[in-house]
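Residues per chain, in single letters:
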Amino acid sequence: MRWVLGLHEIGEAERHIVGGKFYALAQMARGGLKIPSAFCITAETYNEYVSITGLRERILLDLHRKDFNQMRWEEIWDAALRVRNLFLTHSFPENLRSHLLQAIHDHFPDEAVVVRSSSPEEDSARASFAGIHESYVNITGDDSILDHVRLVWASLWSDAALLYRQELGLDIHTSAMPVVVQQLITGDRSGVAFSRDPNDPHLAVIESVYGLNQGLVDGTVDPDRWQIDRTTARIVNHAPAKREKLISPWAGGVQVTALPEDLSSNPPLNDREVRQVFDLAMQAENLFGAPQDVEWTFKDGKLRVLQSRPITTTPVQSSDDKRQWYLSLRRSFENLQLLRLRIEGELIPAMVEEAKVMAEQDLIGLSDSELVEEIRRRNEIESKWVSVYWEEFIPFAHGVRLFGQFYNDVVRPQDTYEFVKLLGATEMESLERNRMLEELASAVRSDQNLRERLVEADLADLELGFSRILEEFIGRFGDLSCPVTGVIQCSQGPEALIRLILEMADHSPSKAAIQFRDLETLTSSFLQRFQGEDYTRAAELLDLARTSYRLRDNDNIHLARIEAQKLASVEEGRRRIALQGKTDAYQPLVEEISVLSQSENSETDVSTPAQVDGAGFILRPRQLIGQPAGPGVSRGLARVILQPSDLGKFLHGEVLVCDAVDPNMTFIVPLCAGIVERRGGMLIHGAIIAREYGIPCVTGIPEATELIRTGDSITVDGYLGIVTLGSATLS
Amino acid sequence: MQNSEKMRQSLLRLFDSQRLAVLSTQYDGQPYASLIAFSFSDDLKELFFATPRTTRKYTNLRADPRVAMLIDSRSNQEADIHQAIAVTAVGKAGEVSEEERPAVFEGYLARHPHLEDFAKSPSCALIRVAVTTFYVVSRFQKVMELHVAA
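In order, the protein sequence lines correspond to chains S and P.
Mapping to our numbering: the first sequence position 659 is 659, numbers consecutive.
Mapping to our numbering: the second sequence position 129 is 1129, numbers consecutive.
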């Protein structure tokens, strides 16, 4: 077994077990280029680890639960997080540990190191898909280095790697990850060099920053940029940067700080040094026989290569490839803090205000042509907020993920989603809505007279306390007719709401034990792990995650209010047309409404009952697998939501089967025995709400609404993520 | 539904790739499992195997013709958990009649030529299982049922 290999033990035969990055380093060492000392933990070591610990089959089992092509991005992120947690919670077997410690002590006694991926797949693709696998800078101490080796291994299965599995040639059965452990050179100036400009074959390009080059590589720090004539070695252009920040090693990682003023007025490299870097890049190009993308650093006047790889051209992305967008959702803490200020300070208040102004407008008083104009205007307002939703609100959801990963790194829980317990849900709008509903239901429960009047739809002169809460509810959340009619036709009447209150009143209140009790204890016991600056950082991350968690619920409700206002104008148009008939005078109104209705009228798929096929067989589902998203087991009759009006028929004790629990339909949740969703993910709205209410929930069964029919008896196992149809007796 | 067509295709592939199955019979409430060499009809509705009439399984299925058969693609590796497909066929067993024997034999011996002497022995019965339902397990826990329409 070749556990580790040094730079001088590498030939062509070793390439596949040390990966592209280390192989290139070994070639440079042999070619006489100055590089930091390093060793490689081979792919064989990875294989040994996943075999002995049993992780190989656990990873396969997890990644095989569902066809990759059917997995949404959130599910891929979830899978990657679970795999990462497996690596975190399985330490090295003793034998393996001692081999690795030996190598660490031989090479780097008491020295900070960089732990980098050197995946064979990454070799050619890396330049195009940067950031797919992890690298960790400034790691010290045996245990910390070993932990980070496992984290780099886990990144073989990162969300990005799984998304680009085809391009990377990632094979879930055979892929393995070699890891480079490299001396940390704390360079005072660093950068990258392209020995040939991808846009101009006559030039080379050099980019440089003060400090370490992590900031340049991930885009946090703007570099100075030079172009050099490849033939004459003359600098033909220098584009200076703003030079505001620098990255330096700090407490087991790196930090961004302000650049001292005396440095910010000078470029990081002088002309002689630029040519020195250029020479180095050309040396690398000659060594490898192809243009190179070289990472380098200056320390105390000495220039070193950190890594070199061939320049690859980024493949042109087709416009329906959303993967780059998904990956752009991985935001930094700093980025999310800024986003939070903007969302809380500007966007949400503006959205609330806009809905309020529309609600106060008198539509009936408008002339027909003014109404057409108003419908158009409201449609534009809605489109504007929908795009804000995608560009600002959805990326903000990453706050939860950022915290989840941090929590798992620190706590290493057996349950990958333990961190969700810390997020709480005290201020979620939809929970407040459900709390008010329960208040109304409980009033009905204790007042037979009130109940009878509601059944008869006699709403005049209701008891004052009740009607005040009812009005307040409708004022805040609407009368629920929109979600129940699919917002195409909001009947604007309280029938749906009354029916729901009656259904709730006929049963004892949902246990809905929203677990406030543990939250404080959990929070303080988590934060006790930290001191000083780490404490502040952890507390800030948790606060950000809570905001992000809450907002991902509330933003949908705010958006729905905007949409409801647009529909109110459409409804007014419909009313006028119905009164007058489709005369020529109404043509503009008719056209405007029909255009809108087309985009709203999304097709609802109709469930096909199991039928005898041509060969005399009937296919029926018995047990479907998804993700366990809310613990518990329950049984009930299925209510499949194929169109919004199905919601209005929901009965207490049924199992909700739907595409996804839209935040605007969570009022039904207290009635549910269980929840089954087509859409997958642990942090999607339905899963969050189900956990809050302690309702068993399984997500990510794409064929659920097709294979399960309303009235089927089903069992939801929210521990294992299994939905079972029918009974165990053989028929 | 075309999905049932897909399911039949994957059962055909599985049955083609497997020679042996586990047969479950029972006597007086006591289950009993045996390994058998099987063949199947093109329409998948019938499974066949041969057994001497002196065996326990033969006695059992004469007493109660309700049987189950397990056909699977396991390789006795841990990867089976996520890779293997397992099909439980439930149905009624009975002896193949004299007139049908030649045709069934042809299919059976094409799959198991080395069993010719055994299967053609006068003491050996050729058994047909008329399947009512296949229970198909894949991806560790996904279960679909394929029923033969009555």
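To be clear, the hints were calculated from the coordinates, so they are not data collected in a lab.
Where is the CB? At the ideal position from N, CA and C, for every residue including glycine.
Where hints are given, some of them may not hold.
Not close to chain S: a few residues of chain P, all C-beta gaps over 10 Å, as computed [claimed, not checked]:
| hint | residue |
| --- | --- |
| 1 | 1032 |
| 2 | 1043 |
| 3 | 1145 |
| 4 | 1147 |
Partial chain P-side listing against chain S, Cβ under 8 Å, derived [said to hold, decoys possible]:
| hint | residue |
| --- | --- |
| 5 | 1046 |
| 6 | 1081 |
| 7 | 1139 |
| 8 | 1141 |
| 9 | 1143 |
| 10 | 1144 |
Quick list of simulated restraints, FRET-style, between CB atoms [said to hold, decoys possible]:
| hint | chain 1 | residue 1 | chain 2 | residue 2 | range |
| --- | --- | --- | --- | --- | --- |
| 11 | S | 611 | P | 1042 | 21 to 27 Å |
| 12 | P | 1076 | S | 611 | 46 to 52 Å |
| 13 | S | 537 | P | 1076 | 18 to 24 Å |
| 14 | P | 1010 | S | 219 | 43 to 49 Å |
| 15 | P | 1034 | S | 47 | 16 to 22 Å |
| 16 | P | 1042 | S | 329 | 49 to 55 Å |
| 17 | S | 173 | P | 1022 | 23 to 29 Å |
| 18 | P | 1006 | S | 637 | 46 to 52 Å |
| 19 | P | 1017 | S | 537 | 52 to 58 Å |
| 20 | S | 648 | P | 1076 | 50 to 56 Å |
| 21 | S | 409 | P | 1010 | 38 to 44 Å |
| 22 | P | 1076 | S | 338 | 29 to 35 Å |
> Among all the numbered hints in the text so far, which are the ones the structure does not match?
Replying inline: 2, 3, 4, 5, 12, 13, 15, 18 and 22
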